Amino acid sequence: MHKTEKRMGSTLYIAFVFLLMYAPLFYLMFYSFNAGGDMTNFSGFTLEHYQTLFEDTRLMTFILNTFIIALLSALIATVIGTLGAIAIYYYRSNRNRQAILNLNSVLMVTPDVMMGASFLLMFSFLLKFEFGFTTVLLSHIAFNVPIVVLMVLPRLYEMNPSMITAAQDLGANQNQILSRIILPSIKSGVLAGYFMAFTYSLDDFAVTFFITGNGFSTLSVEVYSRARTGVSLEINALSTLMFLLALLLVFGYYTLRVGEQRRAALRMRQARGGK
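At position 138 of the sequence shown (counting the first as 1) the number is 121 in the working numbering, and the numbers step up by one without a gap.
Quick caveat, the hints were computed from the structure, so don't treat them as lab data.
What you are looking at is a predicted structure, and each value in this text was computed from that prediction instead of being measured.
Glycine residues also receive a C-beta, built at the ideal position from the N, C-alpha and C atoms.
Mixed in with the good hints there might be a few duds.
Distance windows between CB atoms, simulated [claimed, not checked]:
1) Leu230 <-> Leu(-5): 42 to 48 Å
2) Thr117 <-> Val62: 29 to 35 Å
3) Leu224 <-> Asp95: 42 to 48 Å
4) Tyr207 <-> Ile51: 15 to 21 Å
5) Ile83 <-> Ile51: 26 to 32 Å
6) Ser208 <-> Lys170: 48 to 54 Å
7) Ala149 <-> Ser208: 54 to 60 Å
8) Ser215 <-> Arg75: 55 to 61 Å
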């Protein structure tokens, strides 16, 4: 009986937490179909706000900018972060390795406002770049690299080092070891790092707000600018579509992860059967 009460209490607590997190989202999504012009009275079902959203060429441009930045920064950060994680893994000095990991963690916990201000100073006085696409892309790559490192490094430690030793004994060079042993072993971590970097870049506001310019902007900055004059139901429609996209990404990553686990389990069964 005691265990049943404890299980019920845990279930109620989890349900309460999820209710707090998702109730505002579902409220926003519900009123995206409101025929009225506010979020106080639901006067009827309509798709007018979604039609207005797709007819807003200015907003569509910023959405395209956002996805281009997110895709490119996540891809480049994944390459840099994966190579960086491999370099950290092979670092001989434990003390230096830990120091590098601590510096990487500092970048993860640094407030976005402070990071955005530092990029603003760097691009204004040190590098003297013109604010726009390039500054936003470089900034997003910079704060995404530590995320990728933290996602890839645990997979490296889970890797069986005897496979690398066996490959070296068989005469494999460094490129063959990297492409045929290391990367296949850490593929799930690389994919997780890419998805995390993509989502971080997609919804970043604080950093982008400091270093955007020259007519270039992203969705989060534009939504903030519009929200200052009052949130329209067009933003509700946009938020609904972004939420559905996030669900699709999570489902896609989950499907890839489950498929990889099943293939790994199948390989293990086949290896045992061969023995």
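Against the structure, the hints:
no., hint, in the structure
1, Leu230 <-> Leu(-5): 42 to 48 Å, "violated, 25 Å"
2, Thr117 <-> Val62: 29 to 35 Å, "violated, 18 Å"
3, Leu224 <-> Asp95: 42 to 48 Å, "violated, 24 Å"
4, Tyr207 <-> Ile51: 15 to 21 Å, "holds, 19 Å"
5, Ile83 <-> Ile51: 26 to 32 Å, "holds, 31 Å"
6, Ser208 <-> Lys170: 48 to 54 Å, "violated, 40 Å"
7, Ala149 <-> Ser208: 54 to 60 Å, "holds, 58 Å"
8, Ser215 <-> Arg75: 55 to 61 Å, "holds, 58 Å"
Of the numbered hints listed earlier, those contradicted by the structure are 1, 2, 3 and 6.
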